[in-house]
Every structure is written in C-alpha cells, then in structure tokens.
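Residue numbers (our numbering), protein chains in the order written: chain A, 69 to 295; chain B, 69 to 295.
Worth flagging that the hints you see were computed from the coordinates, not collected in a lab.
Fair warning: there could be bad hints in the mix.
Since the list can't tell identical chains apart, any single copy or any two copies may satisfy a pair.
The calculated SDA-like cross-link candidates involving lysine to any residue, where the alpha carbons are at most 25 Å apart (straight line), are [unchecked claim]:
| no. | residue 1 | residue 2 |
| --- | --- | --- |
| 1 | K145 | D218 |
| 2 | K145 | Q93 |
| 3 | K145 | D252 |
| 4 | K145 | G246 |
| 5 | K145 | A266 |
| 6 | K145 | T113 |
| 7 | K145 | V91 |
| 8 | K145 | P273 |
| 9 | K145 | R239 |
| 10 | K145 | R263 |
| 11 | K145 | R86 |
| 12 | K145 | A87 |
| 13 | K145 | G283 |
Model, not experiment: these values are computed from the prediction.
The primary structure of each chain is shown beneath.
Number of protein chains: 2
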Amino acid sequence: MTDLQPTDRTQVRRHRDRAAYEVDQIDAILAEGFICHAACHDAGTTWMVPTAYGLSGSAGDGGELLLHGAAANHLFKAAAGGAQLVATVTHVDAMVLARSTFSHSINYRSVVVFGQARHITDPAEKAAALGTIVEHMLPGRSTEARPPNDAELLQTVVVALALTEASAKLRTGPPGDGDSPDADLPVWAGTIALRTAADLPVAAPGLSAGGIDAGPSASWAVQPGRW
Amino acid sequence: MTDLQPTDRTQVRRHRDRAAYEVDQIDAILAEGFICHAACHDAGTTWMVPTAYGLSGSAGDGGELLLHGAAANHLFKAAAGGAQLVATVTHVDAMVLARSTFSHSINYRSVVVFGQARHITDPAEKAAALGTIVEHMLPGRSTEARPPNDAELLQTVVVALALTEASAKLRTGPPGDGDSPDADLPVWAGTIALRTAADLPVAAPGLSAGGIDAGPSASWAVQPGRW
C-alpha cells in the first residue's frame with residue numbers, strides 16, 4: 069500500500085488512530101463525493117466556499133483536485149494568483165450516541181489537501197478540466213453536454229491542486245465508552261447511520277423533443293450504485 | 069422580515085440573486101444541519117476542520133454558533149486565542165444537469181459566518197454549550213446523556229461565534245439554460261434531488277440492561293422529520 073508522506077500541515081495531531089495517509093483511502097474518499105469546501109487567506113480575511121470538484125487522477129500518481137469558480141470570486145481570484153489553498157471533502161456516515169455528552173461523536177471520512185494551486189489557462193486544458201468536474205458529478209455526463217465555448221471559458225477560473233500534501237481522517241464504529249465506567253449507565257448508546265439518497269431525475273420544464281428523446285441522463289443509470 | 073447588514077466579507081458578489089441576508093433563512097439553514105466546516109489562518113497556514121456545531125439562538129437575536137474541539141487542535145487553539153474564524157454550513161439539495169457543461173450547477177443552501185470567536189471558559193457555560201451541541205445533533209439527547217465532568221471540560225475548547233456577520237447563499241430550480249439557444253439541443257436536462265437519509269438506530273455492543281431498557285434514544289422519534 070502506498071502512503072503519502074505527512075507534512076507539518078497534514079500530520080494529524082489529535083486522534084492519530086483516526087489518521088490515514090494511504091493513497092487508496094484518500095482516493096476512495098475523494099471518489100465518493102463531488103462537493104468540497106475550499107478556503108484561502110487573502111487581504112486579511114479567510115474566505116471559504118463550498119464548491120464542486122473533479123479529479124485528474126490518483127493521489128499516488130500526480131493526481132490533482134480540479135476546482136472552478138467565477139473569475140470575480142475572492143477565493144478563486146486569490147487561488148489563481150498563487151494563494152495557498154486548503155480543501156476538504158467530508159462524508160458524514162453516522163451520529164455516534166454515547167452514554168456521556170463528552171463521548172458523543174460523528175462517524176465520518178474526510179480528506180484535507182493543502183497547497184498552492186496551478187492556474188489552468190490553456191483553453192483546451194481548461195475545457196477538459198470543466199468536463200472532468202461535470203464527469204465527476206455524474207459519470208458519463210460530460211459526453212452528453214455541450215462543451216464550453218470561448219466566452220464561457222473566459223468567465224471561469226479553473227485551478228488544480230496537487231494531491232501530494234493530503235491526508236485522510238476517519239472515525240468508524242460504536243461509541244467509545246463501552247469499556248468505561250459509563251457503560252453501566254442506564255443510557256441508550258449506539259449509532260444512527262446517515263446516507264445520501266438520490267431521487268429520480270426530474271426533467272427541466274420545456275425540454276426539447278430531442279432532449280426528451282435523449283431520456284433521463286444516460287449516465288443516471290450508473291448513479292444509484294454510488295451511494 | 070429582519071435582515072442582517074451585509075459587510076465587505078458577507079456581501080455576495082457573484083450571483084447576487086442567490087444571496088440572502090434574512091434572519092429566518094439563515095436560521096433555517098443552520099437549524100437543519102449539524103456539521104460545519106470551520107477555517108482560520110494561523111502561523112502562515114489556513115487550517116480547516118469539519119466539526120459538529122450547536123446554536124445558542126437566532127441570528128437576529130444575539131445567537132451564536134457553538135463549536136468545540138480538542139485543546140491540541142491548531143484551529144481551536146487559534147480560535148481560543150482570538151483568531152478570526154470563518155464557518156460554513158452547506159446543504160446539497162440537487163445536481164443540476166444543463167444542456168451545456170458550463171450551465172451545470174448544484175442546488176444548495178449555505179450559510180457563511182465570519183468573526184472572532186468568544187472563548188468559553190466558565191465551566192458551567194462550557195458544559196451547557198457542549199450539551200447544546202449534542203442537543204443540536206439529536207434533539208432531546210442532551211437530557212439523556214451524562215453531562216461532562218471537570219476532566220472532560222479541561223480537554224475541550226469551546227468557542228462561540230456570533231451570528232452577526234453572516235449571509236446565506238442558495239440556488240434552487242431547474243437548469244438555467246432553458247431560455248437560451250441551448251434549449252433546442254438534443255440533450256436531457258433537469259435535476260436529481262439528493263437527500264440525507266437516516267437508518268434505524270443500531271445499539272452499541274454490550275449495552276447495559278439499563279441502556280437497553282432506555283430504548284433507542286427517546287429523541288430518535290423526533291429525528292425522521294428533520295430531513
């Protein structure tokens with residue numbers, strides 16, 4: 069199993085038992101989601117946005133997290149200008165209900181990535197990156213939709229954050245107070261698992277005959293297995 | 069309807085039609101979630117963690133976002149020391165599949181809060197805040213679980229972030245290209261709604277007789293209506 073080398077920023081200090089630097093684990097967490105939270109510090113303020121992302125490859129093999137946003141957005145303007153970014157992908161898997169308030173927890177899997185992003189300016193690479201982001205949201209979709217044109221590319225900033233300085237953190241399992249004196253308390257303890265569920269596709273109003281004939285996104289068929 | 073006053077930090081610059089400063093809207097988004105992403109900049113690095121939160125009241129009435137973490141955690145140490153924080157709560161409501169790659173989007177509701185947090189050091193207030201965080205995760209739960217003791221309080225940092233410099237941003241509805249020339253393309257377009265679903269509670273192994281008798285958390289009964 070390949071590990072990423074922890075740095076001062078990705079070294080997990082609390083609950084080291086929950087830390088993971090294995091490429092496979094990092095890749096799996098990033099593969100499952102499509103929304104991250106990205107932050108950077110610019111002009112005295114720390115900015116954060118929730119935003120869609122794509123993946124150009126594995127954390128173990130030069131892969132990058134692809135992000136896009138409006139050219140007018142603080143965070144994307146700063147990122148394009150070379151600001152350090154941090155991006156986090158989080159899956160919330162369960163509420164962990166312990167006998168004590170203190171031992172309540174969350175089962176989760178998260179990946180955090182640090183680094184200076186690469187500003188993608190080449191139009192062909194930029195268009196491909198936007199396709200990758202759409203493809204990551206719904207596999208197959210990027211071959212169905214019209215690709216971006218020049219005017220659209222100009223309105224969008226695309227940056228790529230290398231998956232080299234990254235780590236995962238996760239918690240699984242029941243509450244941790246089963247072996248403590250609290251175990252005898254007359255308090256129910258356990259977990260409530262949470263899942264993301266997708267409803268059936270709903271067609272846009274006024275869909276053209278051609279759009280109706282195309283059917284609910286062909287790529288939809290691969291989606292239910294995701295979650 | 070009461071509005072918060074936008075500041076340089078909370079003024080939404082892109083897609084102003086998606087911005088909301090109404091207290092009711094901000095409160096509703098914060099009420100629905102229980103995980104936020106918090107970030108701050110300290111010692112040259114922007115740190116981010118996903119973390120549970122609680123609410124002490126309404127954004128329109130002096131309410132605060134309550135956060136807790138390990139005293140050894142970078143972000144919580146910095147927050148306790150007076151660093152500026154940003155916290156974001158995001159609900160992802162749907163994938164928005166447009167005819168063009170560029171018009172693909174996400175239906176979401178998010179709240180961002182900026183500010184210097186108040187470090188809660190009084191033991192009674194700290195214990196109450198931890199109870200509020202657990203209560204926000206699962207209503208009723210804070211009266212079932214054992215409250216924190218002095219040793220537990222010492223291991224935990226609790227900070228309160230005023231909900232005064234806050235704004236919401238949201239997108240709803242079908243893809244935006246229904247009135248554009250793209251509407252004639254033979255591409256399916258529409259939305260796929262996403263929901264958080266909770267499974268039935270699973271008891272911890274070795275639950276005491278008293279814990280079993282207490283039943284799956286009494287507060288569980290109120291949970292399904294949440295999502």
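Now the hints, each set against the structure:
no.: 1; hint: K145 with D218; in the structure: within (19 Å within a copy, 46 Å between copies)
no.: 2; hint: K145 with Q93; in the structure: neither (31 Å within a copy, 28 Å between copies)
no.: 3; hint: K145 with D252; in the structure: neither (55 Å within a copy, 34 Å between copies)
no.: 4; hint: K145 with G246; in the structure: neither (49 Å within a copy, 29 Å between copies)
no.: 5; hint: K145 with A266; in the structure: neither (33 Å within a copy, 38 Å between copies)
no.: 6; hint: K145 with T113; in the structure: both (14 Å within a copy, 18 Å between copies)
no.: 7; hint: K145 with V91; in the structure: neither (30 Å within a copy, 29 Å between copies)
no.: 8; hint: K145 with P273; in the structure: neither (35 Å within a copy, 51 Å between copies)
no.: 9; hint: K145 with R239; in the structure: between (35 Å within a copy, 22 Å between copies)
no.: 10; hint: K145 with R263; in the structure: neither (34 Å within a copy, 32 Å between copies)
no.: 11; hint: K145 with R86; in the structure: between (34 Å within a copy, 20 Å between copies)
no.: 12; hint: K145 with A87; in the structure: between (32 Å within a copy, 20 Å between copies)
no.: 13; hint: K145 with G283; in the structure: neither (38 Å within a copy, 53 Å between copies)
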